[in-house]
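**Student:** Residue numbers (the working numbering), protein chains in the order written: chain G, 86 to 512; chain E, 119 to 1065.
Note that these hints are calculated values from the structure, not bench results.
Computed from a predicted structure; not experimentally measured.
Keep in mind that a hint or two might mislead.
To be verified - In silico BS3-like pairs for lysine-lysine, Cα to Cα no more than 27 Å straight-line: (1) G/LYS98 - E/LYS190; (2) E/LYS693 - G/LYS163; (3) E/LYS693 - E/LYS682.
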Amino acid sequence: MYRRPDGIVDFNKSICIGCKACIAACPYDAIFINPRDHSAEKCNFCAHRLDMNLEPACVVVCPTEAIIIGDMDDPSTKVAQIINRTPVSVRRPEKETHPKLFYRGAHQATLDPIAARRPGGGLYAWATQPQGPNEVGSGHPLSHANSSAAALLSYDVSHKAPWDWRVSLYTWTKSLAAGIYLAAVLFAIFGGVAWTSPLMRWVVPIGSGVFLGLTGIILIADLEHPERFYMIFTKHQWRSWLVRGAFIIGGYSLVLLVHFLASLSGNVVIQQRVAIAGVPLSLMTAVYTGYLFAQAKARDLWQNPLLPPHLFVQCMLAGACVLSAFAIAFDLPSRDALLWLVSLSALVQLLFVLAEFTLGHPTAHARLAAHQMIAGTYRRWFWPGVIGVGIAIFAPWLWWGAIVVALIGLFMYEHSYVQAGQSVPLA
Amino acid sequence: MSDQTFYQGPSKIHLASFPPKEQWNDWVEIESKAWPKREEHHYSLVPTTCFNCESACGLLAYIDKETGEIRKFEGNPEHPGSRGRNCAKGPATINQVKDVDRIPFPLKRAGERGGGEWVQIGWDEALDDIASRIRRAIVEERENEIMYHVGRPGEDGYTERVMGAWGVDGHNSHTNICSSAARAGYAFWMGIDRPSPDHANADVIFLISSHLEAGHYFNPHAQRIIEAKAAGAKIIVFDIRLSNTATHADYWLAPQPGSEAAILLAMARNLVETGRYNREFVRRWWNWEEYLAAERPELPRTFESFEKAFLELYAGFTFEYAAKEAGVAIEQLREITDLVAGAGTRLSSHNWRAAAAGHRGGWQVSRTLFLLNALMGAIATEGGVYPNAWNKFVPKPIHATPHPKRWNTVTWPDQYPLAYHEMSFLLPHLLREQNRKLDVYFTRVYNPVWTNPDGMSWIEMFKEAGRIGLHVALTPTWSETAYFADYILPMGLGPERHDIHSYETHDAQWLGFRQPVVRTARERAGETFTDSREANPGQVWEENEFWIEVSWRIDPDGKLGIRKYFESKKKPGEKLTIDEYYGFIFENSVPGLPDKAAAEGLTPLAYMRKYGAFEVARNIGAQHEIPVPQAELEDIATNDFGRVYTRAAKPGPENIVPLPAPEDDPDGRRPAGVQIDGKILRGFPTPSGKLEFYSSTLATWGWREYATPQYIKSHVHPDNLAPGQMVLNPIFRLPTQIHTRSANAKWLDELAHVNPLWLHPSDAERLGGIETGDLVRVTTEVGYYVLKAWVTEGTRPGVVACSHHMGRWKLGETGQRQMSATVGLQKDASRWTMHRKSGVGPFESSDPDTQRIWWTDVGVHQNLTFGVQPDPISGMQCWHQAVTVEKAKPGDSYGTIFVDTEKSRACYAKWRDMTRPASRFSPNATRRPWWFLRPLRPSKSEYKLPV
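Next comes chain E alone, as it looks inside the complex:
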C-alpha cells in the first residue's frame, strides 16, 4: 500500500527495514522457526526503550496477539537517537525477560543477612515495613538515615523528586566509579558536565576511550562515527589497549597510562605557537582576562599578552617532553596535531571514562581534551562538541518538589567539596568514620559489592550489626549485593516499566518513553489496568508505581506534607496514576507533542505509547551566542570581566534540564549573560559566563595550582611505581555486556564470559615464560587474585588489562546460574579469602537452552582487590592499579581471591589525606560551590558549613 510509511533500510532497495507504523497494531509475520512452512503470527508492535545502558535506544516489542508473549525485540525506527538500530544488548532483552533465574516475587530474608535463605512474601508486607521505617525516620528527623542508591537510573528526575518530596538528601549514585573525573573536567570549563559530540558532521574525531567511549552511547555514537568516517573523517584514538575502536582509527596511540593530558597540552601549546587555532573564538569566549588578573597581574590585560602568558604557562609541554612522557613516537604527535589544526570547528572529541577514570588527576584528561575544542572554537558547532544540556530535554512534571532541608555528609562529605558527584563507593568507610548508620538503604539496579572497589568492606558493612538497618534491593535479578539484602523487590526490566528520559546523542533534543509492553498491548486489545503487576511476569512491578505507593504509606493522611506530591490533580485526594502522571507531562510540558499527536487523532499519551519517542527540537546550535532579550535586562550591572547581572525575573524554562547555578552578584541580581564585543549574549552557565580556562572555583577552594588545565602525574606514573610493578587497566569493557545486569542474557553470556589478564609477550617472557592459559597472580595494595593469562600484543608493554563484567559469583545454589561461579568465602579477622568451588555448567530448566551451556569458566572478580582511591578533587575512583604480576604460587588455584580489609582502611586513609576539605579551604564557609551541578540539590541554607 503506497500510502503506508516506508522505512528505508541500509540497502536502499525496495525492502523496508521495519513494518509500516500503520500496521503496528496488527502486523503479520512469518515465524522463522517454522520456515519454510509459512506459519503466520499476528503481532502487536509496542515500542519501549532498552534499559541496558544509558543510551536508551529504542526497541519495538513484538507481542503475539494469540499467546500474549513477547516474541522478540527489534529496533524502533521512530527513535531519533538510535534510528532503528541496536547493539547486541538491545535484542538480548528477550533473554532477560525470559531468564529462568529471574526473581518473580518479592522475597524476604529468613535467617541472617547473607545467609542465603529466603521466603516469598507479598508486596504489602514489604511496603508496610519499608514505609513505616521511613516514616519514623522522617518524623524523628533522621532523614539522613534514608538512602536511595541507584546504579542505572534510566530516567530523568523521577526518583530525585521522590526524595525531594520526602525531604531527604538521600540520593546516591554510581557516578564516581564511572564518570566523575570526566564530568569535572568538562564542568570546570563550561559548567555543564557532559559533552555531546556531533560525530556525524565532524572532520576529525578524537576519542580517548575504547569501543566508542567505553560503554556509553555505544550504538548511537558508533553509527555517527562510522557515518563520518565513510564521508572521509579521520579518527584519532588514545587507548592503551587494542580495542575495536582503535582498529577504526587512522591514528591509534597507546600512551603510557596517565600521560594523555601531557600529550594534549603539548598539542595545545603547538597550536597556539603556530597560530593554528581559532583566535577570535578564544578571544571572545575564554575568561582569559580573569586569568591574567588573577595569575599575571603584571601583564597588560590584552589578548596578545594572554597568548604570551599561555605559551609561558605551557612552556614545558614540548612534543619532545610529551613523546618521552607518553612513550610514543614524536612524529605521531605532530601528525595528529596537524589533523586537529585542519579540523577547524569540525572537531568532535569524547572522553567519558578510560584515562579520566583510571588516574589520579584524570579529570585533567577531559579538561585538556576539551581545551583543544576550546582552542579550535569547536564548541556548539556542526561537527563539534555541544554542552550536553543543550541536547537534552527534561519536561516539567505534574508536581514540582521542594529542595531537601538536609545535607547528607555520608554522600557529600567535607573532604570532597568539588566532587562530581556523591562519594558513593566510600559508603562503608564514611559510615564508619562518621559513626553513622543507615536505617533504610535501597540499592537499585546497583551491585556495589561487586562493581565497586573494595567489595569486602561492603560485605563487612552489611554484616555489621546496626550499621544498615534495612537493606532493600530493587532488582529483577540475583546479584552479589542482593544476597546481603533484607528484601528483594523485583522491579521491571526495560519492557516492564514506565520511564521518560532524554540523552545527548547528537545536536537535537528527544524524549524517550519506556512502557510495560504487554500492558500496553493488552490495553490496545481493550483491557484496562491500574497496576503494572497485573501485566508483568509474576509479581514484577515498576518503580514509578512503587514509589507512589510507598509515599502514600509513609504519609497516609498527608500531614507530613509528602502525600500531596503523589496525588492526582484531576481527582484531588486520590492516588496519582501512571497514566495521569505521564498524560500530564505529555499534554503540558513537551512543546510540539500535543500538535503532532492531534494531527494523528491521538492524545499525547497515546502518541507516546504508539511511537515511544519524540523529537522535541533539532539543530540547537550555539546557544551561548544568542543575545539576551531586552525584556530580561532590567537594572543590569556588569562586572570587570563582562559578566552581566539583571534584576528581571527569570523566565520559567520549558526545558528543566538541570543546569549549573552561577551565583548572584553582591546586590542580589541574577546572572543574565555576558558582554562580548559590545553585545550581551547568553554565554555559558559558569561564574564568569564564559569558558573557564581559568577556574576561580579551583583557585579559591584550595587548588590554585590546578586553576588552569594541567598535567597531574598519575598514581601509577612510572615514578610512582615500585620496581617490577606494572599498571593494571581493570576498566576495559565490552559492548556486549553491561556491568552486572546483562548476566541474565544467555546470548551475551555465550559471547563473553571470561576475563583473562591481557599480557604483552615481552612481559610474559620477562615473568618467566608465561603462556596463554597459565595461571598468574596479580597483587594489589590490598590483596591479590589468581586468573589466567592472555598473551597478546594488544596491550602496551608494562600494562596489563583485565576486563570488567566477568567474575560473577554466588555463595550457594541461588543466583544467575549461567554466569556465576559458586564460591566459598572465609574470613579471619580482616583477612578474606574467596575460592572457587565450581564453575558454570548445563542445567535443567524450562528453557532447553540451559542444557546447551557449553562454557564453564566465568572469570575472576578483580574489583574486590582494589582499595578505594578517590581522586581528591573529582572524587572519581582512580581505577588503574599498581600491581605485581607473577606466575601463580603453589597453592594458588584459579579464582582464588584474597583481601585484607585492614589494608583497605589504610588505603582509604591515605587517599583521604590528599584532600583539601571544605572545612579548611572553603572560601565562603559553604560545603560545596553553590553553582556546581548536584543531584537533588538541597536548599541553599544547607550549603552552609556547620559552625
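With the rest of the complex left out, here is chain G:
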C-alpha cells in the first residue's frame, strides 16, 4: 500500500501478500480482495485514467454529474469552491484520517452505516442480503440507533470481514506457543519447577515449537498470496504490527531452537541465559496481537487498553493448561502448582472479560460489536468460551476436565472476539 504524490492511496499488487490487515483497519471498508488476482484493491480514483489525463470513470458516466474531482488546494476548481463555500460532510471524521472525499447534501443515515435499521428476512427492496459467514451488511440489526430519521436500509452492497476462523485459530495457537514457554520459565524462575524437569527440557521447546509452527502455517494459509509470505521479511514497512509481530515470532522461534538444542546437550545454563531474551519475546508473541488489533483503527471493539494484559493472562492460562496436562500424565511434582496456576489465570481471565463487557462501551460501534459477541451472532461462541474458562477455576479438583474445557473455551472466546470485532458495518 502506498500513497502517490497526488495523495491517492493505491496498491502494488505484485507484492501484496493478502494479509488483509489493511481491510481490518480501513474505517471506510473501502478495500477488498480482488477474487481474480487475490490482492487487495480499492478505488484509486482511476489512477490509470488520471495518468492519461482522463477523469475517473464514475465521474464521466454519472448521468447527473454528481461526482467530481479536483485539486482541493486550487481555489479556482469546482471542488474547492464546493468544499470551501458549502457545508460538506465526510465519513468517520473521528478516525482522524483527514479524508479527501466529501459529500454535499448527504443525510446522516446514508453516511453512517448503523444509522438506518437493517431489514429482516434477508431482503432488501429489490435484492437479497448476501448471506455467509463473513458477510457484513449495513444497517443496525436492532434499531435505527443514532439517527433521528427512523430510516430503514433499503439497499446495500455487503462487505466481507477480512479475518475469518483461521485468524482466531492462529491467535489461539500462538497463545499456546507463547504461554507454554512463558508460564514454564516464569515458574522455573520462581522455583516452582526445576530447569532440569522434563517439562522444561522437552515439553517447553517442543510444545511451544509445535504450536508456533502451527501458528506459522495457519497464518501463511490465511494469506491470499501464501507463496509471497516471505515478503513480510523482505518488503515490509515497520509501522505495521503485522510486520513487527512477524519479526517477534521469528526471534522467538530462534529462542525456542536454542532452548531445544540446549536440551539435547543438557545445557541448562544456556537455557537460562537465552531466557533473558525468551521471556520478553514470548510475552511479546502473545501480546503483540493486542497492538495489531488496535492498529485496525476501524474496529472500535479492539481499541481496548486491556487487550495486551488480557492476552498475557490468556497465554498464561493456555500454557498452564498444557503444562498441567503433562504434569498430570507423568505425575510430576509441579502438577499441583500448575493446576493452581490454571485456576488463578482462569479467574483473572474472567475478571478481564467481566470488566470489558459490563462497563459499557465508548462508541456505538463498540457497543454493537459487544452485543454481537454476547447476545448476537457470536453468542454461541462467547458463552461456552466464558463458561469453559469458568470451569477451569476448579482445575485443582477437576484436572483433565478443567484443562480440556479451558483450552476449548479459550479458542471459542477468541473466535467470538475476533469475529464480533469485524461484524460492525463500516460503510
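Please build the complex by placing chain E on the supplied structure of chain G, with the hints as guidance.
**Tutor:** Showing chain E alone in chain G's frame:
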C-alpha cells in the same frame, strides 16, 4: 496536443472526460486490471447506441486492436441526447455481449413446441422455410396470417416498411402494455401522441412517474431534470411509491391510485378561477369555439363565456373534493398550484406510464396533465413541453413502400377503434374469438409470455394445434416466449447491428446510428464485409440484413412486386446492401450531414460510422406559430372555426416523422393551417388545427361524455374494491433493469434480482403481523401468487407494490441461468400451477464470475396472474390490480403461482363489454379515425368497415 478535441468533463479541470476524437482510430489506454503495472493496449473506439431502452444513448465500444475483442463500453460524447453519460444499463452491454447463456446459432425445435429440445441449424434452412411460408400466405391472400410482433423496435420505420413491402398489415407492438393511455391523452389534445419536455430550462417540473418517467429516457431526462434543479427549478412528483424520483421532489404526493386526474382538474379549475393562466394562449390556441358550439350552443361564442363554461364544467373539482378523493393534504394542492401558476411557460411535465398505465381511464391522467401546460401556454416553449414529432427526425429511405391493402382485425379489432395502438396483449383472446390463426408469427425482442398479462393464455395459444403455424423468435437470449418457438434466430445486440433512430430528449432533432462495432473496427483495419455474421459472435446476425434476405427469398424473381423494395439502386437487380441503404440515407436525406462530413473529408456514411450521431437541428421552437407560406395557400377555404384548407400540393417533407393526418374538407382540399387573429398559422395536426380541449373525435365515436378532459374513476377506485381488497401496483420499475432483456447482464442482476411485495407497516399489522421476509399470498381476479413481504413506509397504506423485471423462470436446464428460477408447470383443464423447483446458484462456465453468483432468489412472476384489462378507449392494459393480500396459506411455498384461464377469459369478456365498437359507433362507417396516428397505416380503402 492542443489542436485535438478536448471533451470537458463535469469536474471542469484539465482532465478530459473522453479521449480526443482525433485518436479514436488508435487510442492507447492503460489496462486497469494490470495496474499499477503500465500495460498499454491499443483500442479502436467505435460508436454505437445502447439498445437497452428507447433512449438510445450513445456508447463508445473499445475494441482491442490486437485481440479484436470488445473490452468495454463508455458513453459517446458526440451524442446530443446522452452527451457522453449513461445509466447502468449502457456499460452493462458488455455483459450481454459476453453472456455465457446467449444463443450464438439458429436453433430449431426438435420435439413438441415447448418441449425444450433444440437442434442447431444453419440460417439457410430457416430462411427458406420462413420465406416459403410467407410467400404462400401472400399468394393465397392470407396476408393477415403474417405478423411481426416487436417489443423494443430501436429503430424508426425499417421493419414497418418491410411489412409494407410485403403488403401485410402485420405490425404488432408492445405499446398497449406500455404507453397507450399516455399517448391517447396527449393525442386527443395535439394529434401527436408523445410529449417532449424541455426539462433543462423549466422552472417547474411536474412528473407523474417514478425514476424520471418510469423507464423511458431515464438518462437523458435525468441529466436535464437535475440540471434544472441545480439551477433552482422546483420538482413536483406524483408517485404512489417512494421512488428515487420522489426523493428529488420538492413536493411529493402519493395520492390514492387513480385520483391523479381529479387533482389535476382541481388545479386547472383554480388556475382559471384565480385568473392565473395564459389567457392569450388559450384564447388563440384552444378549440373553445368548437366546444361552445357543440356543448353550450346557448352561450354567446365569446372567450368570456368559455371561461364561464369551463368553470361550470369543472365546478365539482374543488380542492376539497380533490383532497378527499386523493387522500392528500389540501395545503399541498394549493401549494403545488401556486408553483405551477408561477412557472408561466416554463412548466415541463411528463407522464408516460405510472398512473396512466395503471387505471381504467388512465388516458385522462396525461390529458389532464397536459391541460395544465395548455392553460399555461407551456407548449413548444423554452422549459415547456414540445410535441415529440417536432423533436424527432426520420429521414427518407432508399425506397418508399406502399400502404398495405389489408386491415388486420386481430391487432386492430372492431371493439377498440380509438386505441393507441395495436391490441397486442389480446392476441390469444382475439384469435380465439375471431376464429383466426397465424401462419407465421415473429416475436422480436419481445417476451409476451412473461411481460404481458395473462401469460398462461399465451402458452395455451402456442400449444393449441393449428393456432400458430410457425413461431419465429428473433432474440439473442433465452426467454419464456422463446421456449415456445419453432425457430430461435439470434439477432444482434446493440453493438452487433445496424439501426437509425431519433428520439425526443430535448428541443432538438438528432439522428442516432447503431452499428456492429467489431465489423466497423475491422473495416477500419482494411477488411471488407458483406454480412454482419462474419464479424459478430457465432452466427449472430442483424435484422436489417435478415429482412432483405427473407424478402428476396419470398419473391426471388420479383414478380410479387416485393423484391424491388430490397434491390440496390446503384446496381439494379442486385441485392441491397447495408452500406448502400445507409449510405443513401446519409447522403440524401439528412440535411446538413453531407456538408459536415465533407468538412472532415469523409463520406456521410463514414461520418456516421465515426461519430454515431448527428444533430440535425436545435431550437425547433413553436412550429404551430409559423405562418403558412403564401405558396401553400391556393384556393383556400376556411371553416366556421378557422380551419384553413388549400388546394396547393403538399410539399414533400425532409423529415418524414409520422404525423397525424387530419382529413380533407368535403371538397377535397387538404388542411393547411388555422386562422388565428387574422393570420394563417401552421397550427397542430388535429382536425381543428388547434389544441383540442374538446375532442370531436371522442364525441362522435360514442364517447361524448369524455369529449373534454374528465376524471374517470379507476377500476381500483375505493368504490370498486371489495371489502378488504387493496390496490396492487405491479408496474414499478427499476432503472437498472429493462423488462426481460437485461437478465443477461450479470452486473445488473447482482444489483436487482428480487421483487418482494411492498407493504405498509399499518397493513402488515392489520393482516396479522407480517414481517419482512414472511410469505404472503396475493390473490387477483384470475389467480394468485406467493412471495415475500417487504414492509416499508415507502408505499401508501392500502396500496401494495411489486416490481417488474423479476420473477424469470425456465422449465428445464436451458435458460438464463443467473436470473431464472427452475420451475415446474402443471395444467389441469384451465387451471395452471407453477411451482419453484430451485433458484439460482453458482455454475461453471468460461466466465469465472458465474462461480461467484451469490444470490439464489430471483423473484416471482406476478404478471401471469393478471387478467387482460384493456381500457375501452385507449386500449391500454390497466395494470393496477384489485387484490387480496394475506399471510401465505398452509401448502403455499415461495414462488407458487396459480392461474385459471377460464377466469382469464371471463375477465377478457367483461372488459370487452365496456367498449363501444366501431361497427356500432363509428360516425362514418370507418374502422378508426383516419387522422389518428397508426403504425403501418393501410390504404384509405381499408379503413372502411365491412358492409
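**Student:** Each hint should be assessed against the structure and marked as holding or not.
**Tutor:** Consistency of the hints with the structure:
Between G/LYS98 and E/LYS190 the CA atoms are separated by roughly 23 Å; this keeps the pair inside 27 Å, and the hint holds. A C-alpha spacing of about 56 Å is found between E/LYS693 and G/LYS163, which places the hinted pair above 27 Å, so the restraint is violated. A threshold of 27 Å between alpha carbons decides the hint, and for E/LYS693 with E/LYS682 the separation of about 9 Å falls inside it, so the pair holds.
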